[in-house]
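Asks: Sequence:
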Amino acid sequence: MASGILRVLEPGQLVPFGGDRVTAVSAELAAAFVEGDRLVVVQQTGDLLHVPRAEHERVHTAVTDALAAFHALAAVSDDQLSQFFGGFADRLADDEVFAGIARANEADVESAEARCRSTTRLVLSPKMRADMIDGLRVWQHTDGRRDVQLGRVDHDGWWVETRRAPLGVVGFVFEGRPNVFADATGVLRTGNTVVFRIGSDALGTARAIMSHAVAPALEAADLPHGAVRLIDATAHAAGWALFSDSRLGLAVARGSGHAVAQLGAVARQHGVPASLHGTGGAWMVVAPDADPAQLALAVRHSLDRKVCNTLNVCCLVHAGAARLAPVVLEAGRSAAEQRGARLVVHAIASAVAVAGPEAIAQDVDALGTEWEWEHDPEITLVVVDDIAEAIELFNRYSPRFAASLIGGSEVDQQRFYDQIDAPFVGNGFTRWVDGQFAFDQPELGLSNWQAGRLFARGGVLSGDSVHTVRTRAYVRDHHLHR
Numbered sequence: 001m002a003s004g005i006l007r008v009l010e011p012g013q014l015v016p017f018g019g020d021r022v023t024a025v026s027a028e029l030a031a032a033f034v035e036g037d038r039l040v041v042v043q044q045t046g047d048l049l050h051v052p053r054a055e056h057e058r059v060h061t062a063v064t065d066a067l068a069a070f071h072a073l074a075a076v077s078d079d080q081l082s083q084f085f086g087g088f089a090d091r092l093a094d095d096e097v098f099a100g101i102a103r104a105n106e107a108d109v110e111s112a113e114a115r116c117r118s119t120t121r122l123v124l125s126p127k128m129r130a131d132m133i134d135g136l137r138v139w140q141h142t143d144g145r146r147d148v149q150l151g152r153v154d155h156d157g158w159w160v161e162t163r164r165a166p167l168g169v170v171g172f173v174f175e176g177r178p179n180v181f182a183d184a185t186g187v188l189r190t191g192n193t194v195v196f197r198i199g200s201d202a203l204g205t206a207r208a209i210m211s212h213a214v215a216p217a218l219e220a221a222d223l224p225h226g227a228v229r230l231i232d233a234t235a236h237a238a239g240w241a242l243f244s245d246s247r248l249g250l251a252v253a254r255g256s257g258h259a260v261a262q263l264g265a266v267a268r269q270h271g272v273p274a275s276l277h278g279t280g281g282a283w284m285v286v287a288p289d290a291d292p293a294q295l296a297l298a299v300r301h302s303l304d305r306k307v308c309n310t311l312n313v314c315c316l317v318h319a320g321a322a323r324l325a326p327v328v329l330e331a332g333r334s335a336a337e338q339r340g341a342r343l344v345v346h347a348i349a350s351a352v353a354v355a356g357p358e359a360i361a362q363d364v365d366a367l368g369t370e371w372e373w374e375h376d377p378e379i380t381l382v383v384v385d386d387i388a389e390a391i392e393l394f395n396r397y398s399p400r401f402a403a404s405l406i407g408g409s410e411v412d413q414q415r416f417y418d419q420i421d422a423p424f425v426g427n428g429f430t431r432w433v434d435g436q437f438a439f440d441q442p443e444l445g446l447s448n449w450q451a452g453r454l455f456a457r458g459g460v461l462s463g464d465s466v467h468t469v470r471t472r473a474y475v476r477d478h479h480l481h482r
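First residue of the sequence shown? That's 1 in this note's numbering, and the numbers climb one at a time after it.
Please keep in mind that the hints were generated in silico from the structure rather than gathered at the bench.
Accuracy of the hints is not assured; some may be wrong.
What the hints assert, rightly or not - List of simulated lysine to aspartate or glutamate pairs, EDC-like, C-alpha gap at most 20 Å: (1) Lys-127 / Asp-95; (2) Lys-127 / Glu-106; (3) Lys-127 / Asp-434; (4) Lys-127 / Asp-440.
Using the sequences and the hints given, assemble the complete structure.
Replies: Below you can see the structure in the form of structure tokens.
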């Protein structure tokens with residue numbers, strides 16, 4: 001090290017982290033690191049993240065462009081923003097335009113399959129395409145949200161207003177889900193700009209969406225080109241570089257739990273607020289008086305595909321377990337059969353008697369595991385003494401994301417809502433947890449409560465959520481002084 005610049009790393013070199021711990025540089029990292037590269041030390045874990053110079057410069061340029069576009073948007077009309085969303089939607093709806101995007105997506109899917117990667121969320125299906133278009137239409141027809149009065153306090157000779165205002169550049173890292181690419185442009189509605197880093201599996205699809213739909217829509221609406229920037233990079237280092245850029249107004253991450261937690265740690269230690277959407281898996285609690293037909297529908301409709309709001313753990317109250325466990329299992333098998341698959345059942349000790357001989361034993365301490373199944377639906381059965389025990393298990397072990405109570409009295413339902421530590425609570429199937437389905441607003445992500453959140457306790461992050469507050473004073477009496 002010379003002149004305060006890190007030029008080389010040595011194998012075995014100790015790097016402090018967390019204030020009182022050290023980690024060692026590996027031989028591989030030392031060999032790969034060259035002058036001009038950057039090293040991000042994750043203070044929570046001691047992870048050493050290597051950001052090559054080229055990745056840093058690529059990201060720096062994208063954020064610089066987005067920041068310039070953010071300031072330029074202040075002079076853009078709401079009608080221009082509406083024109084952008086309408087143009088984006090029109091291009092996705094145009095079969096001739098969409099053909100190029102579809103070809104790129106087919107190539108991404110083929111590549112992922114060849115590498116034995118999951119394609120559950122990668123395929124740009126007709127339904128996904130329709131949902132993307134519908135979401136963009138929502139933003140097209142939404143009223144201007146950039147300068148709205150939130151409050152006012154009147155004084156003698158003057159008054160003060162608090163007003164909604166844009167936040168800045170939103171950095172967005174997410175897995176290979178093409179629909180999220182369209183959803184997240186919703187931040188433009190509130191006057192923000194966005195920089196994306198998408199997983200390598202869907203990068204070809206993202207490039208096609210940018211070239212065939214986003215860029216032409218920006219140009220037609222006379223919006224700055226930097227308002228939506230895609231970081232054209234496959235390396236994870238691009239995400240680390242993005243979340244370590246302190247010019248971001250907000251960092252949003254979606255994906256697997258570990259990767260999202262790591263990205264959140266990088267953002268926070270660089271002073272960037274983070275909204276993390278990485279761990280899901282819904283819980284369902286079954287009261288003894290649950291109606292079997294309603295229970296069967298709730299289970300079946302919660303296991304149709306694997307996403308964050310899919311049923312993961314089912315707690316049956318002991319008094320009704322023998323009667324209702326077969327209903328849960330049969331509904332789960334029905335959901336699996338619709339996929340040409342089989343149901344995989346895990347059971348902790350209390351549920352072994354009702355789970356069937358093929359159930360896989362699971363320790364209670366592993367109840368926080370989210371089953372990341374690709375084809376065969378997978379759930380855990382638990383038998384509890386009462387609803388209160390189920391709530392206690394949820395609050396202790398779950399990712400604190402989504403929970404449903406099937407059956408029970410109105411008092412039971414209210415107590416369940418009051419005591420369970422989840423942002424999403426219901427009395428039926430768990431897959432209702434979706435911004436567009438529930439609130440008619442495309443979502444950037446759904447948060448749990450594992451590590452606190454920027455937006456109080458609200459679970460849905462949408463383009464409408466990304467704002468800050470400015471304060472403006474109007475003085476009539478200029479003799480006013482303190």
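Asks: For every hint, state whether the structure bears it out.
Replies: Status of the hints after comparison with the structure:
1. Lys-127 / Asp-95: 14 Å, holds
2. Lys-127 / Glu-106: Given pair Lys-127, Glu-106 holds - Cα atoms ~16 Å apart, limit 20 Å.
3. Lys-127 / Asp-434: 15 Å, holds
4. Lys-127 / Asp-440: Holds: Lys-127 and Asp-440 sit about 16 Å apart, inside 20 Å.
Checked against the numbered hints above, the structure violates none of them.
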